[in-house]
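2 protein chains.
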Amino acid sequence: MLSHELFHTLHQLSRHLTNKLNEALKPLGLYSAQWAVIFVLKKSGSLTQKELCDYLFVEAPPMTRTIQRLVKQGYVRQVPGKDKREKHVQLTEEALKQYPEWESVVNEVNQGLLKEFPTSSQEELSKLQKGWLQQLL
Amino acid sequence: MLSHELFHTLHQLSRHLTNKLNEALKPLGLYSAQWAVIFVLKKSGSLTQKELCDYLFVEAPPMTRTIQRLVKQGYVRQVPGKDKREKHVQLTEEALKQYPEWESVVNEVNQGLLKEFPTSSQEELSKLQKGWLQQLL
DNA sequence: TAAAGATAGTTACCTGGGTAACTATATCGG
DNA sequence: CCGATATAGTTACCCAGGTAACTATCTTTA
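Quick mapping for you: the protein sequence lines, in order, are chains A and B.
Mapping to the UniProt record's numbering: the first sequence position 105 is 105, numbers consecutive.
Mapping to the UniProt record's numbering: the second sequence position 122 is 122, numbers consecutive.
Any given hint could turn out to be false.
The list treats identical chains as interchangeable, and a pair is accepted whether it falls inside one copy or across any two copies.
Said to hold, decoys possible - Think about it this way: if two alpha-carbon atoms lie no more than 27 Å apart in a straight line, the pair counts; the simulated DSS-like pairs of lysine-lysine are:
#, residue 1, residue 2
1, Lys20, Lys43
2, Lys42, Lys97
3, Lys130, Lys115
4, Lys87, Lys127
5, Lys130, Lys20
6, Lys42, Lys84
7, Lys97, Lys72
8, Lys72, Lys130
9, Lys127, Lys20
10, Lys115, Lys127
11, Lys26, Lys42
12, Lys115, Lys82
13, Lys43, Lys127
14, Lys42, Lys20
15, Lys72, Lys43
Bear in mind the hints are in silico, worked out from the structure with no lab data behind them.
Kindly produce the complete structure, drawing on both the sequences and the hints.
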């Protein structure tokens, strides 16, 4: 049974990477799920919570919670849309100001985690993962 | 920045696989973390909680909780060791009786998840993951 | 147009995994 | 031998993400 080992390793890798990211984000007062939202908003500008959920493949309830924490910290705004059910989420000026530092911290961690993992392997791994995931959805 | 995408895909894959496993385990009254413990105990016979933690790369507190749930369901026993700090964990007869059905359910899910993912890709992915993880620890 | 159904978001509650602080037992050094 | 230190396990509390049930707002349709 190869599969048990494959799943187990993947699970451990995922946990390990998340732990390292959280460790690095701690001094910034952020958590991994918050960073994921900030990262997407920085790229996309303004998205409804539904769009954020679809993009990050997360259910609505955890997204609500993550956004509420970001709102409380002053990093995100919820703007009511023309469709009154929707809430358009966007970064505040405060978040935009701090973004470069956050990004550099995250990039540094990522680089450290990939330091001794050859670029060719990274690309191969990325390709395999994307292929499998896409085939599963 | 390749790394963001790599980490994101890996995280999603891990979540997706865990969700599918939990879905399949639900009718059996088990959860993924419980199954992981049962799987290891079936192979190894009797382990202390520390050994289980080391094997599964999980901290002690979540392990305590998972084991307590298994004890409550009657699938696991905690036997005091010669060293009175230790608790040796082992499967009950009830668990051993049900194990074959559990295993077949899990194998079926795993097979379904890997169905259209070529064996060669599985091996390649497994190799890359193990290499990276080992290098990180 | 009024009623039925679909959709966005929230709330409550569950498991999974992490840290910090604690207890109890073992071990080691003076 | 006894006090200091290390280790196994537990408890309390945090975040991440899942489902079920709910509200409020569209959108269909009879």
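Hint by hint, here is what the structure shows:
no.	hint	verdict
1	Lys20 x Lys43	within (23 Å within a copy, 31 Å between copies)
2	Lys42 x Lys97	within (11 Å within a copy, 54 Å between copies)
3	Lys130 x Lys115	both (21 Å within a copy, 16 Å between copies)
4	Lys87 x Lys127	neither (34 Å within a copy, 44 Å between copies)
5	Lys130 x Lys20	both (22 Å within a copy, 18 Å between copies)
6	Lys42 x Lys84	within (24 Å within a copy, 54 Å between copies)
7	Lys97 x Lys72	within (17 Å within a copy, 51 Å between copies)
8	Lys72 x Lys130	neither (35 Å within a copy, 40 Å between copies)
9	Lys127 x Lys20	both (23 Å within a copy, 22 Å between copies)
10	Lys115 x Lys127	both (19 Å within a copy, 18 Å between copies)
11	Lys26 x Lys42	within (20 Å within a copy, 38 Å between copies)
12	Lys115 x Lys82	neither (47 Å within a copy, 44 Å between copies)
13	Lys43 x Lys127	within (22 Å within a copy, 33 Å between copies)
14	Lys42 x Lys20	within (22 Å within a copy, 31 Å between copies)
15	Lys72 x Lys43	within (22 Å within a copy, 48 Å between copies)
Comparing the model with each earlier hint shows violations of hints 4, 8, 12; every other hint is respected.
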